[in-house]
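Undergrad: Sequence:
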Amino acid sequence: MRIIPASFYRGDDVESIASALLGKILVTRHHDRITSGRITETEAYKGVDDKACHAYGGKRTPRNEVMYAEGGHAYVYICYGIHFLFNVVTNRKDHPDAVLIRSIHPIAGVPTMLDRADKPDLKPNLAAGPGNLTRALGITMDHSGLTLFGPGLHIADDGQQLSNNDIIATPRIGVESAGVDALRLYRYIIRGNKYVSGRRTDPRKA
DNA sequence: GAGTAGATCCTCT
DNA sequence: GAGGATCTACTCA
39 MRIIPASFYR
49 GDDVESIASA
59 LLGKILVTRH
69 HDRITSGRIT
79 ETEAYKGVDD
89 KACHAYGGKR
99 TPRNEVMYAE
109 GGHAYVYICY
119 GIHFLFNVVT
129 NRKDHPDAVL
139 IRSIHPIAGV
149 PTMLDRADKP
159 DLKPNLAAGP
169 GNLTRALGIT
179 MDHSGLTLFG
189 PGLHIADDGQ
199 QLSNNDIIAT
209 PRIGVESAGV
219 DALRLYRYII
229 RGNKYVSGRR
239 TDPRKA
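Read left to right, the first sequence gives residues 39 to 244 (the numbering used here).
The hints are simulated quantities; they were obtained by calculation from the structure and are not laboratory data.
None of these values were measured; they are calculated from a predicted model.
From the three backbone atoms N, C-alpha and C, an ideal C-beta is built for every residue, glycine too.
Be aware that one or more of the hints could be misleading.
[As the list claims (entries may be wrong)] Under the rule of at most 20 Å between Cα atoms (straight-line distance), these lysine-lysine pairs were calculated in the PhoX-like manner:
1) 232 x 62
2) 97 x 161
3) 62 x 97
4) 157 x 232
[Stated by the list, open to error] Ranges between beta-carbon positions, derived for each pair:
5) 103 x 212: 18 to 26 Å
6) 103 x 159: 23 to 31 Å
7) 54 x 153: 16 to 24 Å
8) 96 x 197: 18 to 26 Å
9) 145 x 221: 32 to 40 Å
10) 232 x 50: 27 to 35 Å
Let the hints inform the model, and build the full structure from the sequences given.
TA: As structure tokens, this is what we get:
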């Protein structure tokens, strides 16, 4: 198991990076409590040209400033006032691409995750969906701006390989206000994996 | 099993 | 003051 190097995040093809992150291991350590899980669902957000992206049109605010940092940083923000959402910043400095990590398959520290999520036993939704994921892993605004190579937060590769057949691309969730950009196949999930957010309504049906 | 509505509060305009 | 990259419980078939 090795920590993914900075070069992995600094390419300019955020779609490739988003699909390549599937199967990798996301690890957090907080007060010596280690929690980790295999990434099963991601979404690509393609910088200034993507209407669903916080940096669309070059928008730059204190909140999204981290997106303009060099690839390999964590971008965490609060959504709907209650959920933390965890993104991986990609591309070079001043190119604000990001990959939203939506779901993991819990591996290490399951009791800790259950404790944080206030759930009695392990179910597929323990860390499925971006809000549930950050809650289970203990990710908060304190993690925003950190690099993904430190002891408290990193993404590792345990050598597992996924073929193109194992990966499904779908439209992203919850971004219908982004018009045609909402239809782009920028969401990636592992085929047949239970540990994926189970939103039951398709935002495109309307 | 599928669809709907309410909770909740930060950020930006 | 409006809107948002969500989640969960509830209702209905």
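Undergrad: Does each hint hold? Answer for all of them.
TA: Here is how each hint holds up against the structure:
no.: 1; hint: 232 x 62; verdict: holds (16 Å)
no.: 2; hint: 97 x 161; verdict: violated (39 Å)
no.: 3; hint: 62 x 97; verdict: violated (30 Å)
no.: 4; hint: 157 x 232; verdict: holds (18 Å)
no.: 5; hint: 103 x 212: 18 to 26 Å; verdict: holds (23 Å)
no.: 6; hint: 103 x 159: 23 to 31 Å; verdict: violated (40 Å)
no.: 7; hint: 54 x 153: 16 to 24 Å; verdict: violated (36 Å)
no.: 8; hint: 96 x 197: 18 to 26 Å; verdict: violated (39 Å)
no.: 9; hint: 145 x 221: 32 to 40 Å; verdict: holds (33 Å)
no.: 10; hint: 232 x 50: 27 to 35 Å; verdict: holds (33 Å)
The structure does not agree with the numbered hints 2, 3, 6, 7 and 8 stated previously, though it agrees with the rest.
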